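*Asks:* Go by the hints and put chain B onto chain A.
Protein chains: 2
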Amino acid sequence: MDLVVGIDIGGTKTKIGLVDGNGKCLDQTFFRTREYPKLDDYLEKVKSECDELIASLEFTPNILGCGIGAPNASSKRGTIENAANLAWKGTVPILGEFKKKWDMPMRIMNDASAAALGELLFGRGKKMTDFIAITLGTGFGAGIVANGQLIDGYDGFAGELGHVDMTIGDGRLTGLGVEGGLEAYVSATGLKRTILYMQSHYMDDSRFRGIAYNDLHGEEITQAAEEGDAIAIKAFDYTAKIMAQALANFTAFTQPEAFILMGGLVNSGKWILEPLEKYLDQFLLQVYRGKVKILESGMEGKTAAICGASALIWENHR
Amino acid sequence: MDLVVGIDIGGTKTKIGLVDGNGKCLDQTFFRTREYPKLDDYLEKVKSECDELIASLEFTPNILGCGIGAPNASSKRGTIENAANLAWKGTVPILGEFKKKWDMPMRIMNDASAAALGELLFGRGKKMTDFIAITLGTGFGAGIVANGQLIDGYDGFAGELGHVDMTIGDGRLTGLGVEGGLEAYVSATGLKRTILYMQSHYMDDSRFRGIAYNDLHGEEITQAAEEGDAIAIKAFDYTAKIMAQALANFTAFTQPEAFILMGGLVNSGKWILEPLEKYLDQFLLQVYRGKVKILESGMEGKTAAICGASALIWENHR
Numbered sequence: 001m002d003l004v005v006g007i008d009i010g011g012t013k014t015k016i017g018l019v020d021g022n023g024k025c026l027d028q029t030f031f032r033t034r035e036y037p038k039l040d041d042y043l044e045k046v047k048s049e050c051d052e053l054i055a056s057l058e059f060t061p062n063i064l065g066c067g068i069g070a071p072n073a074s075s076k077r078g079t080i081e082n083a084a085n086l087a088w089k090g091t092v093p094i095l096g097e098f099k100k101k102w103d104m105p106m107r108i109m110n111d112a113s114a115a116a117l118g119e120l121l122f123g124r125g126k127k128m129t130d131f132i133a134i135t136l137g138t139g140f141g142a143g144i145v146a147n148g149q150l151i152d153g154y155d156g157f158a159g160e161l162g163h164v165d166m167t168i169g170d171g172r173l174t175g176l177g178v179e180g181g182l183e184a185y186v187s188a189t190g191l192k193r194t195i196l197y198m199q200s201h202y203m204d205d206s207r208f209r210g211i212a213y214n215d216l217h218g219e220e221i222t223q224a225a226e227e228g229d230a231i232a233i234k235a236f237d238y239t240a241k242i243m244a245q246a247l248a249n250f251t252a253f254t255q256p257e258a259f260i261l262m263g264g265l266v267n268s269g270k271w272i273l274e275p276l277e278k279y280l281d282q283f284l285l286q287v288y289r290g291k292v293k294i295l296e297s298g299m300e301g302k303t304a305a306i307c308g309a310s311a312l313i314w315e316n317h318r
Numbered sequence: 001m002d003l004v005v006g007i008d009i010g011g012t013k014t015k016i017g018l019v020d021g022n023g024k025c026l027d028q029t030f031f032r033t034r035e036y037p038k039l040d041d042y043l044e045k046v047k048s049e050c051d052e053l054i055a056s057l058e059f060t061p062n063i064l065g066c067g068i069g070a071p072n073a074s075s076k077r078g079t080i081e082n083a084a085n086l087a088w089k090g091t092v093p094i095l096g097e098f099k100k101k102w103d104m105p106m107r108i109m110n111d112a113s114a115a116a117l118g119e120l121l122f123g124r125g126k127k128m129t130d131f132i133a134i135t136l137g138t139g140f141g142a143g144i145v146a147n148g149q150l151i152d153g154y155d156g157f158a159g160e161l162g163h164v165d166m167t168i169g170d171g172r173l174t175g176l177g178v179e180g181g182l183e184a185y186v187s188a189t190g191l192k193r194t195i196l197y198m199q200s201h202y203m204d205d206s207r208f209r210g211i212a213y214n215d216l217h218g219e220e221i222t223q224a225a226e227e228g229d230a231i232a233i234k235a236f237d238y239t240a241k242i243m244a245q246a247l248a249n250f251t252a253f254t255q256p257e258a259f260i261l262m263g264g265l266v267n268s269g270k271w272i273l274e275p276l277e278k279y280l281d282q283f284l285l286q287v288y289r290g291k292v293k294i295l296e297s298g299m300e301g302k303t304a305a306i307c308g309a310s311a312l313i314w315e316n317h318r
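Keeping their order, the protein sequence lines are chains A and B.
Counting from 1, one number per residue, gives the positions in the first sequence under this note's numbering.
Counting from 1, one number per residue, gives the positions in the second sequence under this note's numbering.
For reference, chain A alone in the conformation it holds in the complex (with noise of 0.2 Å):
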């Protein structure tokens, strides 16, 4: 049976899985990145989990490749660079770094366009030419699929959406210093950052007066906006806003047939996603009304970064 190895390199987890041709997980396991501060350790690491999960299974089988997605990750020269969220500094040549201890077909991708590629090939995006998948988790990622095919860009950086100025009033800064970076709104740490703000604009009383910043998380937010909540709704309210605006702007720009939406926000649900059908339709241009669709990830949650990783050697064997 062909396999493929998916890692999905994150900032506090390494994921690990071998995946089917038809984006199933047949089985996974995970470790914490930050234990392998020296990347030779982390690819040992890597390798010896790899070798484990492929030793367990009940039959042999035919491993196709390994497929990477990563935060920074350049698709054309295989490297991460300046990754904000991972121990390794600079320009970190991972994927040839890797095959000298695995010799075997490897691809690495920025997370969120391996995800968009797993969209693609297993999930929502299999019927469509143009969409947009967003991963709306710490920060606001971005991948591109037009014509059918990801977009790399032009050294493979292609989709850094999340850094692109909303210039909004006076700007929050991003974590790479962008003053009004979308993602200092549109994020799971957008809308935390939002809480605070709409206390700071607000007299309404709210749970959330008793809270610091640090225990706030991102699940209260959805219960306190059940509950009623005034600050926690104006919060969702003025996330949907800012992100309706991108969406609209992106729009202009590859016009894809739907943004298919993944990441703790949208757990989120009709909170974020009834105001953010209502202002995206008010901000489309009308040669675009209508034709837009938001849709949620048809990857299963807990797998779909492994998934993701996983359709860079699939896309190859179809």
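Rather than coming from a laboratory, the hints here were simulated on the basis of the structure.
Keep in mind that a hint or two might mislead.
Note that identical chains are pooled: a pair holds if it fits in a single copy or bridges any two copies.
Said to hold, decoys possible - Dumping the calculated PhoX-like pairs for lysine-lysine here, alpha-carbon to alpha-carbon at most 20 Å:
1. K76 <-> K293
2. K192 <-> K47
3. K38 <-> K101
4. K76 <-> K127
5. K291 <-> K76
6. K192 <-> K100
7. K99 <-> K45
8. K278 <-> K38
Quantities reported herein were computed from a predicted structural model and do not represent experimental measurements.
*Replies:* Showing chain B alone in chain A's frame:
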């Protein structure tokens, strides 16, 4: 000899030319678009002008097809839709109607996308896989090439970047009523509006204090800058700054290797290009810095639009 008919439909002029496989326009003509408000009369006129051009050649060419560039054109549907500057209202099935008069391979495309295809086949984009062509005329048009292909969009309306919201202060309105839309600032018209704004904002003396908006021409603004007119210089700086912010945002989208500029505003030369380079370097995310070129079009100005339109057909003969 193989030739392609290239047609550029503009609000003022319709330009028609015969283009060879090197993008050279052998002969051309034009007429005033508004003199033929009925579509049928217009297409008859186009056809007879084409016949005349072909008959006047010293040889009998093999016409491969006809490529058309037009505002608000949908490449996928062969239509022009809700074009603000054309007499035909609503959705015009122009390709279908023209084929009834002249049965040959035909394609239509947004004029800026056609220009991008022209640069890809014949101009500065020849050796590039990722670039964005920008036309800075009455409006702001863009054609996006990524992965070596022109990006069409879901139903052929990709690249409407003139209406991307830049939300500057209280936002100028574009012709489509988009508040803060890019082309309200960055276009020949936008520059004229900025000359007014700068007079309202600063007290500097200027030759423009004696010139009404309707009497204002782009060349004069360049000349005034040459002579040290403070309002003209401030207007160029302001235009370049907003344009740089937009290009920095666009870079985060498809990461082009270059922006290829054409149209009236580019004739202002260093007055727009020098501050543009300066601000772009300032606004680009670090990962893109030093990798994005600003180029002027490689096509001959007068026939660029015709050659771009012809590229729609030549693209299929390579």
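*Asks:* If you test the structure against every hint from before, which numbers come out violated?
*Replies:* The structure breaks hints 2, 6 and 8; every other hint is satisfied.
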